[in-house]
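As you go down the protein sequences, you meet chains Z and L in turn. Under numbering that gives the first Met the number 0, the residue at position 415 of the first sequence is numbered 414, and the numbers go up by one with no gaps. Under numbering that gives the first Met the number 0, the residue at position 71 of the second sequence is numbered 70, and the numbers go up by one with no gaps.
Calculated directly from the structure, the hints in this document are not laboratory data. Heads up, a few of these hints could be off.
Claimed, not checked - Here are the simulated distance ranges between beta carbons:
no.	chain 1	residue 1	chain 2	residue 2	range
1	Z	Trp278	L	Lys89	31 to 37 Å
2	L	Ala45	Z	Pro635	20 to 26 Å
3	Z	Asn434	L	Leu289	42 to 48 Å
4	Z	Leu55	L	Lys89	55 to 61 Å
5	Z	Gly70	L	His56	41 to 47 Å
6	L	His112	Z	Leu112	37 to 43 Å
7	L	Lys89	Z	Glu497	49 to 55 Å
On a predicted model such as this, the values are computed, not experimentally measured, just so you know. No residue lacks a Cβ here, since even glycine has one placed at the ideal position from N, Cα and C.
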Amino acid sequence: MMAMLKRCCLVLAVCGALRAQLVIAPTPEAVGPARGGDFANYNIVDSLELGYRWRLAGGSMDTYRSDVNYGDGIRLLATNLSIDSKEGHGRWFDEILLSTSGLGNDPYQTASLRIQKNGLYRYDMLWREDDYYNPGLVISGGDHLMDTVRGLQDHSLTLFPQSHIQVDLGYSRNIQSGPALSTVQGFDTLSSAFPVFENVKQQWNEYRIGVLADWNGFRFIARRTWDFYKDDSGYSLSAPETSGVATDATVLQQFQRSEPNHGSNPGWFGNVYGKRKYWALNARLTYNLGNGGFAMNELTAGLNRFGAADNRQIVVSGDAQRPVVAGDFNISLFPTSRLTIVNHTAVHDTRMDGDSYFTEFDNGTGAATTLNFKFLGVLTVSNATDINYRFSNWFSAYAGFTDSGRQIRLLEAFAFPAVAGSEARYPYQQESRLNEGSVGVRFRPFQPLTINLEGEAGHADHPLTPMSDRNYHTLGGRIQYHSRKLQLSTGYRELYNENAPLSFITYGSRSRQYNAAASFALRDWLAFDASYSKLHLDTVGGLAFFAGVQSPQLQTSYDSIYISNIHAANAGLRFDIRRRADLYVGYTITKDTGDGRASAVPAGVTDPIATLLDSVQTFPLTYQSPMARLSIRITPKLRWNAGWQFYGYGELFHLLGYDQNFHAHTGYTSVLWSF
Amino acid sequence: MIRRVMILVTRGLLLVALPACAAAQNPGASGAGGYAGSSACKTCHADIWLNFYKNPHFKSTVSGDLPPSRTGCESCHGPGEAHMAARGGKATIPNAFSVMSQAKVLEACLTCHARDFQKANIRRSEHTLADVACTSCHSIHHSPTPKFLLAKKQTELCYGCHAGIRAQFEMPSRHRVNEGFMECSDCHNPHGAFAPTWRMSDRPRMVDQALNNEEPCLKCHVEKRGPFVYEHPPVRVEGCEVCHFPHGSTNERLLRRPVVFTLCLGCHNGGASGTRNNGVPIATGPHNLLDPRYQRCTTCHVRIHGSNADETFLR
Chain Z
0 MMAMLKRCCL
10 VLAVCGALRA
20 QLVIAPTPEA
30 VGPARGGDFA
40 NYNIVDSLEL
50 GYRWRLAGGS
60 MDTYRSDVNY
70 GDGIRLLATN
80 LSIDSKEGHG
90 RWFDEILLST
100 SGLGNDPYQT
110 ASLRIQKNGL
120 YRYDMLWRED
130 DYYNPGLVIS
140 GGDHLMDTVR
150 GLQDHSLTLF
160 PQSHIQVDLG
170 YSRNIQSGPA
180 LSTVQGFDTL
190 SSAFPVFENV
200 KQQWNEYRIG
210 VLADWNGFRF
220 IARRTWDFYK
230 DDSGYSLSAP
240 ETSGVATDAT
250 VLQQFQRSEP
260 NHGSNPGWFG
270 NVYGKRKYWA
280 LNARLTYNLG
290 NGGFAMNELT
300 AGLNRFGAAD
310 NRQIVVSGDA
320 QRPVVAGDFN
330 ISLFPTSRLT
340 IVNHTAVHDT
350 RMDGDSYFTE
360 FDNGTGAATT
370 LNFKFLGVLT
380 VSNATDINYR
390 FSNWFSAYAG
400 FTDSGRQIRL
410 LEAFAFPAVA
420 GSEARYPYQQ
430 ESRLNEGSVG
440 VRFRPFQPLT
450 INLEGEAGHA
460 DHPLTPMSDR
470 NYHTLGGRIQ
480 YHSRKLQLST
490 GYRELYNENA
500 PLSFITYGSR
510 SRQYNAAASF
520 ALRDWLAFDA
530 SYSKLHLDTV
540 GGLAFFAGVQ
550 SPQLQTSYDS
560 IYISNIHAAN
570 AGLRFDIRRR
580 ADLYVGYTIT
590 KDTGDGRASA
600 VPAGVTDPIA
610 TLLDSVQTFP
620 LTYQSPMARL
630 SIRITPKLRW
640 NAGWQFYGYG
650 ELFHLLGYDQ
660 NFHAHTGYTS
670 VLWSF
Chain L
0 MIRRVMILVT
10 RGLLLVALPA
20 CAAAQNPGAS
30 GAGGYAGSSA
40 CKTCHADIWL
50 NFYKNPHFKS
60 TVSGDLPPSR
70 TGCESCHGPG
80 EAHMAARGGK
90 ATIPNAFSVM
100 SQAKVLEACL
110 TCHARDFQKA
120 NIRRSEHTLA
130 DVACTSCHSI
140 HHSPTPKFLL
150 AKKQTELCYG
160 CHAGIRAQFE
170 MPSRHRVNEG
180 FMECSDCHNP
190 HGAFAPTWRM
200 SDRPRMVDQA
210 LNNEEPCLKC
220 HVEKRGPFVY
230 EHPPVRVEGC
240 EVCHFPHGST
250 NERLLRRPVV
260 FTLCLGCHNG
270 GASGTRNNGV
280 PIATGPHNLL
290 DPRYQRCTTC
300 HVRIHGSNAD
310 ETFLR
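Just chain Z, with the same shape it has in the complex (with noise of 0.2 Å):
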């Protein structure tokens, strides 16, 4: 038994470290029986990994610092350690969970904690924080660049989380700081943009108190939420700039700029569940009052674009007001053991409160206004029914309805309240219905295989957006292998929108997915895994905008086209070495074939226009990542690794002139001590 056990284990460990070299990382640990000391009454298992990364990086270091950004430097790559009273009764905890990732200088560093005494409390913690860097080439040239960090924090205490009346305390907190590039247009909004620094500096914390309450075979919690939300991000001019543009005059001589934004969302969380033989309900309701205050004052001084001297300050000041609330109403029957049938209700209603104000001053300009808010309220009540039969243990069915409804309202005209008889109105109000049907059906001929197939199909009659749903349907499939040493897995599905609104502008979008994925475990000391996905996507929309060699005219004879064809494969190959080395080879591509062209413009277009809309109709690239790692085991207690990961990015087109490709040696090597 305990040799079969332990055989288990290794599969499972073999299958899950071979899964697990996604990316170069720090190195799993070998799952397997119990190890650890005993302390007291206490069971202590622990490790540390410590090592160096290092990367040589070519081409253009934005996007590498955008897209992987590891750089060199001694890290604690990964601790974990648990502690676990072996009889539950410990003094002052019966558990303590500790794991981190990437800590000292990694781009991406994690730290989760539980502690917990059984019966008594829970407590929980997410630590996270991310180095975010991003150059905003081909979206705004440049002048968006952010290098920021972003931490993110969780704290969760659960009093009594076995008993029938719990409490809940939380805390969570997400920050973002650093330098960035922000644009501002000189003194009206015909002159160019001009790229200005930006002090990010965001913070947000929340506080949460709960109590769940068991009563008489139902559950209730209700949850009180506070959370505040602070931007005191600055703008500023280092040096004058010109715009570079010969029919633009303009140089922002001076800018400066402050936008302290404000605010809160008290909110409140209700949820009631209940569950008898042959029914179960389950209802919530939720409440946000978000709450904004905003003031900014922006001086900009120079010469305008004619040349002429030139200054403008703006002064704005208000507060906003979103009140939200939502409700579910979701309950279960269950007539027979084959039969399940749910019904889910939601409500959901946001609307801007249109209690608030707005002044703007333009001491440029001369003018100053002062308005009520724009309105915008949003109402949708929805309806899901699935049917769910089980006709014997080897097939079963589903089917499913879902009738939706949506009503917008937008106030464009303000209510200027030193106008007498301007009233706020609701100058356009959009309604919308959506109704859905879903059908799927479950085959399991024998133990470990699965084939499930599944269609659904939808009409909405005024979507949103053209990119919304109107007439839609997917279908999809799946078959499935599973033993414990061998997966096998294929599957397809494919998403087509139709979506036709009333004028001349059509918009239909094509998405299909065909995958197949396979995981051997061959031996305990190999193991191979292998997944293949193609992603494809056409979407043709109509355009109506202004271009022109001379002059501006309006276009409308010319269509949005983007063909995406994305191969994608990633496989994986690894050796036990006589229980003393661990070898893993790796190999992922990214390849967007496009529609097949060789040049973005095809040959024979001369027509402005259509040369930029061609150009940008279809996005060839690769990105492929080769990988090997090699853990030796020195002793019982001590490993050495060593990593190795290239990333190679290549753009077949330098969209808007931007070449963005690059290459990059990453490694890293490492202890990992173990008890």
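Got chain Z; can you put chain L on it based on the hints?
Just chain L now, with coordinates in the frame of chain Z:
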């Protein structure tokens, strides 16, 4: 030969005597409703029992105030006396999970877990409709993960079926799931979620709501939550996916198109949609698309997710 016979006899006596001794040590549990008590199980299943103190279900054993039907091994596997009397065999275990149908596995686990808030929508989840049962993802006795008794690391579990999603997370612009910074459950509830409060509330069904009732993207990207004086209606109504691929993309910033003007003009084309009587407004005359300045819309429209100071999101 004599030694071998003695060993066999001793083993036989032990097989009979040990369960009896164990039952005698746990008299309150034995007998009632066919329950033998967990102490009896460890005689033969020592391998599981030796590590069971690390299992979250161990709490039921140590609490001391739960009925036999909710204590230890028998709380999941059912009364064990018949199994003991037959000296083993899966056929005598009321709930032998390895041979149970997916539906019965689900019902067995929901006996206790049905009232967990995270599982409130499990009967309408796409996993349940696709016959994915608890044991498809969870390994109760041989879990290699420290939390939630997962059969594998979470991302590996999900990739096992969702190879297409794995491909998206290997694209150049992506959320950092493979790097270990995020997990699928940061945004998804694999046990099913309430109806989304964005789009038309119909789908997807497995995306968790954050901040009580909002799209999970806003859990991290809180600066885009607002409220704003000037909301960009598609962001608030349709959600972030109207412009972004949530998992990964070959385009910068997870966008659906590599060049931003093609994305913006997809809606701003005067078609009779949007929130105006005449459709979404098209770019005005000065926006000459042949001028490179107007090909990168967000260079000027910097607050595209919502603004407090400008109706066209310029500041």
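Results for each hint:
no., hint, verdict
1, Z:Trp278 / L:Lys89: 31 to 37 Å, "holds, 32 Å"
2, L:Ala45 / Z:Pro635: 20 to 26 Å, "holds, 23 Å"
3, Z:Asn434 / L:Leu289: 42 to 48 Å, "holds, 43 Å"
4, Z:Leu55 / L:Lys89: 55 to 61 Å, "holds, 56 Å"
5, Z:Gly70 / L:His56: 41 to 47 Å, "holds, 43 Å"
6, L:His112 / Z:Leu112: 37 to 43 Å, "violated, 24 Å"
7, L:Lys89 / Z:Glu497: 49 to 55 Å, "holds, 52 Å"
Against the hints set out earlier in the document, a violation occurs for number 6 only.
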